[in-house]
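Assemble the whole structure, with the sequences as input and the hints as a guide.
Chains A and B, in that order, give the protein sequences. Oh and the first sequence: position 154 is 154 in full-length UniProt numbering, straight run, nothing missing. Oh and the second sequence: position 13 is 13 in full-length UniProt numbering, straight run, nothing missing.
FYI, nobody ran anything at the bench for these hints, they're computed from the structure. Glycine included, each C-beta is placed from N, C-alpha and C at the ideal position. Please note that a few of the clues may not be correct.
[What the hints assert, rightly or not] Computed spacing ranges between beta-carbons, pair by pair:
no.: 1; chain 1: A; residue 1: E416; chain 2: B; residue 2: T65; range: 42 to 48 Å
no.: 2; chain 1: B; residue 1: G24; chain 2: A; residue 2: K368; range: 23 to 29 Å
no.: 3; chain 1: B; residue 1: T26; chain 2: A; residue 2: K110; range: 58 to 64 Å
no.: 4; chain 1: A; residue 1: G260; chain 2: B; residue 2: T2; range: 33 to 39 Å
no.: 5; chain 1: B; residue 1: E16; chain 2: A; residue 2: E400; range: 28 to 34 Å
[As the list claims (entries may be wrong)] Computed from the model, here is a short list of chain A residues facing chain B with C-beta under 10 Å:
no.: 6; residue: K40
no.: 7; residue: G93
no.: 8; residue: Q144
no.: 9; residue: K146
no.: 10; residue: T153
no.: 11; residue: R155
no.: 12; residue: P203
no.: 13; residue: G210
no.: 14; residue: P215
no.: 15; residue: T216
no.: 16; residue: P321
no.: 17; residue: S322
no.: 18; residue: D430
no.: 19; residue: M484
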Amino acid sequence: MKRIDLQYDLVVIGGGTGGPMAAVKAKERNPQLKVLLVDKANVKRSGAISMGMDGLNNAVIPGHATPEQYVKEITVANDGIVDQEAVMAYAAGSFDMIQELDRWGVKFEKDETGDYAVRKVHHLGSYVLPMPEGHHMKKILYRQLKRGRVEVTNRVVVTRVLTGADGAVNAVLGFDCRTADFYVIRCKAAVISTGAAGRIGLPASGYLMGTYENPTNCGDGHAMAYHAGADLANLECFQINPLIKDYNGPACAYVTGPFGGFTANSKGERFIECDYWSGQMMLEFHRELQSGNGPVFLKLDHLAEETIGEIEHILHTNERPSRGRFHEKRGNDYRSEMVEMHISEIGFCSGHSASGIHINARGETSVKGLYAAGDCASVPHNYMLGAFVYGRLCGENAAEYCDGRNPLAVDEDAVEAERARIAAPLGRGDGLTPFQIEYKTRRLVNDYLQPPKITRKYEIALRRFDEIREDALQMTAANPHELMRAIEAHSILDCAEMAARASLFRTESRWGLYHHYVDFPERNDADWFCHSLLSKGADGAMSLRKKAVEPYIVAIDEQERTAYQRLRVAPSAAAA
Amino acid sequence: MTIAITPTQAPVAVDEDKCIAEKGCTVCVDVCPLDVLAIDLVKKKAFMQFDECWYCLPCETDCPTGAVQVSIPYLLR
Ligand SMILES: Cc1cc2nc3c(=O)[nH]c(=O)nc-3n(C[C@H](O)[C@H](O)[C@H](O)COP(=O)(O)OP(=O)(O)OC[C@H]3O[C@@H](n4cnc5c(N)ncnc54)[C@H](O)[C@@H]3O)c2cc1C
Ligand code: SF4
Ligand code: SF4
Chain A
1 MKRIDLQYDL VVIGGGTGGP MAAVKAKERN PQLKVLLVDK ANVKRSGAIS MGMDGLNNAV
61 IPGHATPEQY VKEITVANDG IVDQEAVMAY AAGSFDMIQE LDRWGVKFEK DETGDYAVRK
121 VHHLGSYVLP MPEGHHMKKI LYRQLKRGRV EVTNRVVVTR VLTGADGAVN AVLGFDCRTA
181 DFYVIRCKAA VISTGAAGRI GLPASGYLMG TYENPTNCGD GHAMAYHAGA DLANLECFQI
241 NPLIKDYNGP ACAYVTGPFG GFTANSKGER FIECDYWSGQ MMLEFHRELQ SGNGPVFLKL
301 DHLAEETIGE IEHILHTNER PSRGRFHEKR GNDYRSEMVE MHISEIGFCS GHSASGIHIN
361 ARGETSVKGL YAAGDCASVP HNYMLGAFVY GRLCGENAAE YCDGRNPLAV DEDAVEAERA
421 RIAAPLGRGD GLTPFQIEYK TRRLVNDYLQ PPKITRKYEI ALRRFDEIRE DALQMTAANP
481 HELMRAIEAH SILDCAEMAA RASLFRTESR WGLYHHYVDF PERNDADWFC HSLLSKGADG
541 AMSLRKKAVE PYIVAIDEQE RTAYQRLRVA PSAAAA
Chain B
1 MTIAITPTQA PVAVDEDKCI AEKGCTVCVD VCPLDVLAID LVKKKAFMQF DECWYCLPCE
61 TDCPTGAVQV SIPYLLR
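What follows is the structure, given as structure tokens:
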């Protein structure tokens, strides 16, 4: 393992969506700044938007929605547990970002008058903006990286962020997944934008990489933030999605909803009022599966031929373009048959739910000089545009923070300890394979952590995870690629344990299926109207505490407060 | 204990007549997010080395000669 030493002002970890934006905006703020963008894949095709995206899920566009309305919607959809200031920072920056992306060449759907063609999918307001030609997203970002002269290092897996004696970030460590070279990158600040933790649970197909999220996003960022001492928020609010069964990708109700498609039970009947992905929606989905009315389907077979053609064009060329060949192999034509849907395995993702590395409205984590943006950070329901807006906030604020900072010396003992941890599996000729460790962890996550949550099951899970941690010390890797999988398996174990401990901490039920805790079935606002924060305790173990919800800046009235709790179609309406 | 190998059919196929890796092309290997493709150094052709595919398609879309064909992995097909 060769050691490579580098020095930068700012290191951006993860070059998917929020990461490139952070790097470009940091350079715009200060062109003299030395910025490095590091990705474990290749930024040309990395992350959730590898093949583009078929629409904005949360556009706040004047004339269609106001930032205040949006903050309300997200507050209600999250059962009140939000930092409204942080959601507002997104909403207020949303339209500027859309216009900037438009200038950069991203094509959004517009009507005859040239206005953005916003659609209604959420329960209360209209925020969905289709991008039928959205497959060029990565190319457009790459052009901006070149224009902004951002330096890029691909295929380096970042594993840890180090802090100096003053508690501020001073280095980023990682290794090359092709050569196993060890990287020590000194820096003044870092932005984590490593996406969701999408490999905690096991897809029902049993295929490890058959996940909803891009499987590169396995929770490394959550793990590195934890080990750097940062707070992680509301991890018990899992991400669970309604997906095409087995394919495990979105169908997607956001695309088809505005065209007249909807989620139906096996009788072809609507059972939820609103297809917007929320914990309540997932709970109704789960109930329908349990009720004998399942399976649940996406119903399109009642739509006109030209509408279906349009839907096919969007779904089969964009975002997850292999959807078409999946359906084709099964002979599932949208015209003649409903598409079978299922409930996904669990993950952490603020893009869709509300958990992640805790940040404030400036993108700052609880560690000095450490920022986080996108699916790995805690701002709820941020989606792609939120990753861009927070990427920008992190980039600009980090650039300012770097000004005049002289980081303290790097702790060489910590560097050596990390080098030894990474190198260990390569040196062992014999032992358990990364596949075995990862498979077993994720299988147990499904067995014990998938909601409904039960205390006894969670306690068993924690015991099993401890055993796997012991076993993981015998992992062997035959080459640098397997080494990447071995180190990822440690991140996955960290995330699995975080998911379990955070869930046991919140002794109530909240967020529909996301935290449906059988031992404590009721929502308990008296004791639990608060965030939970998980961090590394003084003893090195995971420690949890409550954090009061920040004072609201947008008031919510009683009628609005319960909007997402009334998702089930009334029986008479369903029968009609 | 020894390590045993369980063979699986790789979901990604490369048409070796079309692949121009011998001329220095590595596009599919470069773009794959999961880093599961490689160039066979003897045959000088691209192939799938690890069965860890997200069926996302950059390899197929970006290949300059149309040599890559991605199928949905059998377990979820
Ligand atoms: C299938 C799918 C469909 C979606 N549909 C929509 C939609 O229609 N509309 C919408 O608005 N949003 C949608 N989203 C959500 C949106 O795509 C995400 O919220 C957004 O792209 C997240 O950006 P990010 O920067 O946080 O993560 P990503 O863009 O995923 O980037 C994370 C990056 O980090 C890198 N990385 C991970 N670990 C490491 C490490 N250890 N070291 C170095 N690099 C690392 C990865 O390679 C990757 O490039 C969808 C998401 C998915 C998965
Ligand atoms: S991109 Fe196509 S031509 Fe190039 S190496 Fe891969 S298969 Fe061969
Ligand atoms: S489909 Fe995606 S994951 Fe599979 S080989 Fe091609 S680029 Fe890699």
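Any of the earlier hints contradicted here, and which numbers?
Per hint list: 2, 3, 4, 5, 7, 8, 9, 10 violated.
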